[in-house]
Amino acid sequence: MNKVIASSVSKKFVMALAGLFLLTFLPVHLGINLMLLKADPEPFNSAAHFMATFPLIKVVEIILILAFLVHIFTGIVVQIQNWLARPLRYRSGNKSETSFFSRFMIWTGGAIFIFLIIHFTNFYFIKLGFIEGDAEDFYSVAYQLFAIPGYNIFYWICFIVLGFHLYHAFTSAFQTLGLNHRIWTPIVNFIAVFYAILIPAGFVSIPLIIWLFK
Amino acid sequence: MAKLDSKIPDGPLAEKWTRHQASVKLVNPANKKKLDIIVVGAGAAGASAAATLAELGYNLKVFVFQDSSRRAHSIASQGGINATKNYKNDADSDYRLFYDMIKGGDFRAREANVYRAAEVSNKIIDQYVAQGVPFAREYSGYLANRSFGGVQVSRTFYAQGQTGQQCTLAAYQALSRQIKAGKAKMFARRDMLDIVVIDGKARGIITRDLITGEIERHSAHAVVLATGGFGTVYYLSTLAVNSNGSAAFAAYKKGAFMANPSMAQIHPTSIPVLNEYQSKLTLMSESLRNDGRVWVPKQKGDKRPANEIKEEERDYYLERKYPAFGNLVPRDVASRAAKERCDEGYGVGETGLSVYLDFRDAINNQGKNAIKAKYGTLFDLYKKVTGINPYEEPMRIYPASHYTMGGLWVDYNLMTTIPGLYAIGEANFSDHGANRLGASSLMQCSGDGYFILPVTIGDYLADEIKTPRISTDTPEFDEAEKAVKEKLNKLMSVKGTQSPTSFHKRLGHILWTYSGMKRNEEGLTTALKEINELKEEFWRDVKVAGELNELNHELEKAARVADFLDLAKLIVMDALNRKESCGAHFREEYQTAEGEPKRDDENYSYVAAWEYTGEDSEPKLHKEELKFEYVTPVQRSYK
Amino acid sequence: MNITLKIWRQKNKEDKGKFVTYKLNNVSTEMTFLEMLDYLNEKLIKEDQDPVAFDSDCREGICGSCGLYINGRPNGPQKSVTTCQLSMSVFKDGDTITVEPWRSKAFPVIKDLVVDRTAFDKLIEAGGYISVNTGAAPEANSIPVKKHNADRAFEAGVCIGCGTCVAACKNASAMLFVSAKISQLALLPQGRVEAKERVRILVEKMDELGFGNCSNTGSCEAECPKDIKLVNIARLNREYYKAY
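As you go down the protein sequences, you meet chains A, B and C in turn. The numbering of the first sequence is my numbering, which starts it at 722 and goes up by one. The numbering of the second sequence is my numbering, which starts it at 32 and goes up by one. The numbering of the third sequence is my numbering, which starts it at 1285 and goes up by one.
It cannot be assumed that every hint is accurate.
Straight-line alpha carbon distances no greater than 25 Å define the calculated DSS-like cross-link-like pairs of lysine-lysine that follow [unchecked claim]: (1) LYS216(B) to LYS1297(C); (2) LYS654(B) to LYS47(B); (3) LYS415(B) to LYS1363(C); (4) LYS526(B) to LYS1330(C); (5) LYS1431(C) to LYS119(B); (6) LYS574(B) to LYS1295(C); (7) LYS415(B) to LYS1376(C); (8) LYS521(B) to LYS1295(C); (9) LYS403(B) to LYS1431(C); (10) LYS518(B) to LYS1330(C); (11) LYS1454(C) to LYS816(A); (12) LYS1330(C) to LYS521(B).
Just so you have them, the derived chain A footprint on chain C, three or more residues with Cβ under 8 Å [to be verified]: (13) 1356-1366; (14) 1388-1398; (15) 1444-1458; (16) 1485-1496; (17) 1500-1509; (18) 1512-1522.
Computed spacing ranges between beta-carbons, pair by pair [unchecked claim]: (19) LYS414(B) to ASN1417(C): 35 to 45 Å; (20) THR1313(C) to GLU424(B): 14 to 24 Å; (21) LYS724(A) to VAL1477(C): 14 to 24 Å; (22) PHE1303(C) to LYS414(B): 27 to 37 Å; (23) PHE875(A) to VAL1477(C): 49 to 59 Å; (24) VAL1477(C) to GLU510(B): 46 to 56 Å; (25) LYS1327(C) to LYS414(B): 28 to 38 Å; (26) THR1313(C) to ARG903(A): 33 to 43 Å.
Derived by calculation from the structure, the hints in this document are not laboratory data. Everything numeric in this text was worked out from a predicted model, so none of it was measured. Quick reminder that beta carbons are idealized off the backbone N, C-alpha and C, glycines included.
All chains, please: the whole structure from these sequences, using the hints.
Rendered as structure tokens:
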């Protein structure tokens, strides 16, 4: 049974499932973030409060954390194995036509991970009480952060990188799960483009709008 | 051995094989475990034989010079494989296939063997389908068929233009299964350099590990050669560049007779020679002649592009000369007709050495998609090699060396004149006479391997059950190994100035010129003289780069060319000896008024089996008279 | 035309290997890539140098023996060709062409450009077949096969085992090779009987042999000389989940 779990196909399966789950979380998070655009901090803060306290969300949250950990862990294991599969690299490079973003998944993934750490220190760990801070007014915390130009630039870059990651991830997950269909696959690929552009664009638009209009 | 005993069983033609199977000696399963068999070469014939023998319980040792048996040149067979299923309800039967092959071979093959080949053909299709060969199918889900040259029924099963690949891989997979089961052991990247004969029986082989250069000894109770044909003796051929005649020639030198070596098929539809650097010729399957029409311009030296030449200015010479069979005449006929047109100055292309194979009408009648479904892979292949799109312009084709009907002489049991040494597939001479019909090579290879050899070898091995494992520590092995090492050392020590390939090219040129599609006494005599001179020059001036004990392609080539030089001599001698025209062997002195081959059944209705008598003496000719009890040899006509 | 070749030279498995540069003049655009290497070798032999070792056999794109990594791509810049089918007409006078062997842990270099691909044979040995003994087959037409499935099986079955997919993949994954065999046999009713066991064994063997994991980059499909499609990999995945 160990061999089955550790097999290349299983690892990718787990990674794809976890990744797909993470994909469903992003629109929810974006929905809450969009409330930042309101002048009134109340809706955002209460949404954040709801997310922090509602029991069902608590359960989902644990699954989400697990999905992150599993996705990251399998991603790293798979990548190390892949490096080991070609100990001596080509000197003339790799000019094969590949899906461009697929080449950098470990690096875009790494960048997202760094963002997450910072993001967690700013919000999530405060909520959990690991770090001191006002867990009831993330609205203000967000505004304070968006007031820092450096943070903004970092934020934008991270989300562009996330878009790269998502684009390959979306289509790739379906392929890995064996969900391939003459009619549906092109549709999935089409949706992937939208998803990979709209989600990051949504996140990036918030500080942009705040900066431009507020 | 003074007399050739073909060991043809008694009884009516259609019952010979059944009776033989019922009467051969058997080896019980417990004893099979104690018997070792060596198979050299693992294409369609070798792999199917090795797999089947291993399934039966024998211990198999399989040797190939490639890195994997999946690369054997059977893989390049394109058009299809024949069987007498009669799925088309076109009155096909074992007898018809038998008759087509006997006639196609211009009455120079053994009746009993050919009938048996036809008889087992259906089981081969069953076997391949069960193994997962994705043959072409109709919308009903049932198997599709097409027609082939020299035949008026549709009995050819196919997988686009890659039938050989699919069948060979199926055999390779069956063999792989036995390797996993521990019943067969694969020795890849090994060149077989000699046969070891102990007390008159084949007991082993000497090989060279092509990576380390190590000379190895391997023993067994019987040895099977499935080493293919030697068409590469012509240098440019449709064969793989490493295909060679060395294993068969080693057997010949150890006492196996070589039969009809001059009977070499020149395939009519190869992509023509494009330049002087060319290392091989690419075949375009004969199946293309089902829908393609062969033509040349009616006007000599017409250099206009094909599409500008109007219908009435085209000479569909095959349809004109052979109205009954049209473009589907047998290969030898089609090749000679192409050569005749080109020699007369009607050839097309820069060199004038090619003719058109045109699909315009087929595409107009059936639609591009229908043609694509049948020949897609072949059209792509043609485009890759020539850069010309055959959907829009006709293909240019020319004959090329392709297949050797001749080979090691074998009896009905597929045993050579060395007891315990078998030859199967193209390596033997048995089923195709003086010309092979399309889609019958895969059939013969698979039949030999799956269904014939596994039965007949038991008859021999039944007497070997008390023979313990053969030791490799015997004087015969010592001697064979010593001879092999001496030959290799000799090649390395010449240290001349010319590469083995350059000699090969020159040899090929001599053979193509004097012993190709048309031959005559004078030319053949010249060839003999030139080959002797070339051989002398080779051993004086060949330059083999690299070392003995490493991967050394130059040494491999040199050893093969050395054998080709001797083999070429034998080919020419055989062609000289046969003072008649039959099938692919066309002696200009012996032709009908219409330029068709003229057989001499009175004097040449025999298999010429040559016995090696030593380096400096002439080979001795043995004749196996061909008796035709069921067919009457007639002048072959496809008109 | 005149070209410069940078060719990987490696005496044997243990040798570290290095690039050696050769100038080659009067190369014809009509040559195939391998004929150009033949031409180079003839020249090297004349100059008492060791010729470059490379594998090739059928030279018509069907045996899968050849296969070189040329200018950063397996089988060079032309699409859907094996190395033996690559024409020199795609290069220009003055070009520098870098030639490397396939590089992968599962395909160790034997000498120069020759690699050991027995890992592919080991995969087929592990279970890339239908376990039918000779003689046990029923009448061929007793099992109708949907034409669609037979055609798809053929398209997967045309794999020549050249190793281009592994060479092209940034992860040196053999998924396209394995999935082609899995697909061919899984699409046919004859092969379905053992489909579950086959996919389990083959994936396990593939991992054991040191190939990398598939990350759906698609380079295998882009480079495959026989145009074998990624849908086969999706099918392998599907078959694998079904097997448990």
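Do the hints match the structure? See the list:
no., hint, in the structure
1, LYS216(B) to LYS1297(C), "23 Å, holds"
2, LYS654(B) to LYS47(B), "23 Å, holds"
3, LYS415(B) to LYS1363(C), "10 Å, holds"
4, LYS526(B) to LYS1330(C), "11 Å, holds"
5, LYS1431(C) to LYS119(B), "18 Å, holds"
6, LYS574(B) to LYS1295(C), "20 Å, holds"
7, LYS415(B) to LYS1376(C), "19 Å, holds"
8, LYS521(B) to LYS1295(C), "24 Å, holds"
9, LYS403(B) to LYS1431(C), "16 Å, holds"
10, LYS518(B) to LYS1330(C), "23 Å, holds"
11, LYS1454(C) to LYS816(A), "10 Å, holds"
12, LYS1330(C) to LYS521(B), "20 Å, holds"
13, 1356-1366, "holds (count 3)"
14, 1388-1398, "holds (count 3)"
15, 1444-1458, "holds (count 5)"
16, 1485-1496, "holds (count 7)"
17, 1500-1509, "holds (count 6)"
18, 1512-1522, "holds (count 8)"
19, LYS414(B) to ASN1417(C): 35 to 45 Å, "41 Å, holds"
20, THR1313(C) to GLU424(B): 14 to 24 Å, "20 Å, holds"
21, LYS724(A) to VAL1477(C): 14 to 24 Å, "23 Å, holds"
22, PHE1303(C) to LYS414(B): 27 to 37 Å, "34 Å, holds"
23, PHE875(A) to VAL1477(C): 49 to 59 Å, "57 Å, holds"
24, VAL1477(C) to GLU510(B): 46 to 56 Å, "51 Å, holds"
25, LYS1327(C) to LYS414(B): 28 to 38 Å, "31 Å, holds"
26, THR1313(C) to ARG903(A): 33 to 43 Å, "41 Å, holds"
The structure meets every hint from the earlier list without exception.
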